[in-house]
Amino acid sequence: MTTQPRIRMPKLAKKGEVILIRTLVSHVMESGQRKDASGKTIPRNIINRFSCTFNGRPVMACHIEPAIAANPYLEFAARVEESGTFQFTWAADDGAVISASEKITVR
Amino acid sequence: MAQLSRRDALWIAAGSALAVAGMPAPVAAKVTDAINAFTGGRVPEAGRITLDLAASVEDGNSVPLSVAVDSPMRPDDYVSEILVVADENPWPRVASFQFAPIAGKAAFSTRIRLTGNQNVIVLAKMSDGRIFTARQHIEVTIGACTT
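Sequence order for the protein chains is G and F. Quick note: the first sequence uses the working numbering, first residue 13, plus one each step. Quick note: the second sequence uses the working numbering, first residue 32, plus one each step.
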């Protein structure tokens with residue numbers, strides 16, 4: 013059900029530059045509001061938490077509710093002062109954790 | 032449809048009126064609770080927030096939303112958190128975002144689900160505790176499915 017997340021961000025940046033990070037992860041985001049053909053509620057299973065760190069320090073994190081569309085798309089910024097690694101983590105209701113990382117060189 | 036007596040028709044009309052009048056109450060309470068939990072009773076101010084959302088969309092399943100809050104994002108002056116609420120969704124909380132100053136910008140874009148015509152409300156909390164808010168009405172032709 014889950015595949016490797018897609019992340020778009022620059023590989024190179026100037027010191028102090030604010031870069032744009034775009035992420036997309038495949039997930040049904042089952043809201044828990046829907047019923048199946050027999051009238052039974054389909055249990056909620058969404059990505060409920062996303063976080064981004066840079067060299068271990070938090071940059072942005074969010075609590076996500078069922079009102080975020082399927083295949084959650086998140087776009088945000090980060091100011092980079094040194095080269096390093098961005099770590100991205102998505103956590104779902106069913107315990108699944110998806111993670112990815114991207115390196116950036118700062119000159 | 033079978034013939035209805037005038038009395039039956041009135042009862043049905045009254046029932047549906049009650050259903051409509053009765054519906055928003057629990058959602059309205061959830062909206063108030065979500066906002067109060069965020070503000071901690073502090074009165075939100077207008078300004079600083081740019082809310083980029085269409086005035087009307089056809090499909091409520093995936094509605095682009097962008098929010099940006101004017102802030103220097105310095106350790107002594109930054110936006111710590113942003114809350115998004117959709118005031119007619121069955122579960123009005125949409126998402127909350129926590130920022131560190133190294134985010135550089137207090138801004139995000141995402142895609143949200145809306146069940147119908149409603150207001151999207153954004154609240155932003157500054158590092159000094161001040162709260163800013165903005166809202167926009169949106170018309171949704173086909174709401175995100177709840178059945």
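Do not rely on the hints blindly, as some may be mistaken.
In silico lysine-lysine, DSSO-like type, Cα no more than 27 Å apart, as pairs [stated by the list, open to error]:
no.: 1; chain 1: G; residue 1: K115; chain 2: G; residue 2: K27
no.: 2; chain 1: F; residue 1: K61; chain 2: G; residue 2: K52
no.: 3; chain 1: F; residue 1: K136; chain 2: G; residue 2: K26
no.: 4; chain 1: G; residue 1: K23; chain 2: F; residue 2: K136
no.: 5; chain 1: G; residue 1: K115; chain 2: G; residue 2: K26
no.: 6; chain 1: G; residue 1: K115; chain 2: G; residue 2: K23
no.: 7; chain 1: G; residue 1: K27; chain 2: F; residue 2: K136
no.: 8; chain 1: G; residue 1: K115; chain 2: F; residue 2: K61
no.: 9; chain 1: G; residue 1: K47; chain 2: F; residue 2: K61
One side of the interface only, derived from the structure: several residues of chain F facing chain G at Cβ under 8 Å [as the list claims (entries may be wrong)]:
no.: 10; residue: F69
no.: 11; residue: G72
no.: 12; residue: F128
no.: 13; residue: Q129
no.: 14; residue: F130
no.: 15; residue: F163
no.: 16; residue: T172
Covered by chain F, according to a simulated footprint, are these stretches of chain G (three or more residues, beta-carbon under 8 Å) [unchecked claim]:
no.: 17; segment: 82 to 91
no.: 18; segment: 105 to 111
Honestly, the hints are just simulated from the structure, not real lab data. Virtual Cβ for every residue (Gly too), placed ideally from N, Cα, C.
We went through each hint and held it up to the structure:
no.: 1; hint: K115/G x K27/G; result: holds (15 Å)
no.: 2; hint: K61/F x K52/G; result: holds (24 Å)
no.: 3; hint: K136/F x K26/G; result: holds (16 Å)
no.: 4; hint: K23/G x K136/F; result: holds (19 Å)
no.: 5; hint: K115/G x K26/G; result: holds (14 Å)
no.: 6; hint: K115/G x K23/G; result: holds (7 Å)
no.: 7; hint: K27/G x K136/F; result: holds (16 Å)
no.: 8; hint: K115/G x K61/F; result: violated (41 Å)
no.: 9; hint: K47/G x K61/F; result: holds (22 Å)
no.: 10; hint: F69; result: violated (11 Å)
no.: 11; hint: G72; result: violated (21 Å)
no.: 12; hint: F128; result: holds (4 Å)
no.: 13; hint: Q129; result: holds (5 Å)
no.: 14; hint: F130; result: holds (6 Å)
no.: 15; hint: F163; result: violated (18 Å)
no.: 16; hint: T172; result: violated (16 Å)
no.: 17; hint: 82 to 91; result: holds (count 9)
no.: 18; hint: 105 to 111; result: violated (count 0)
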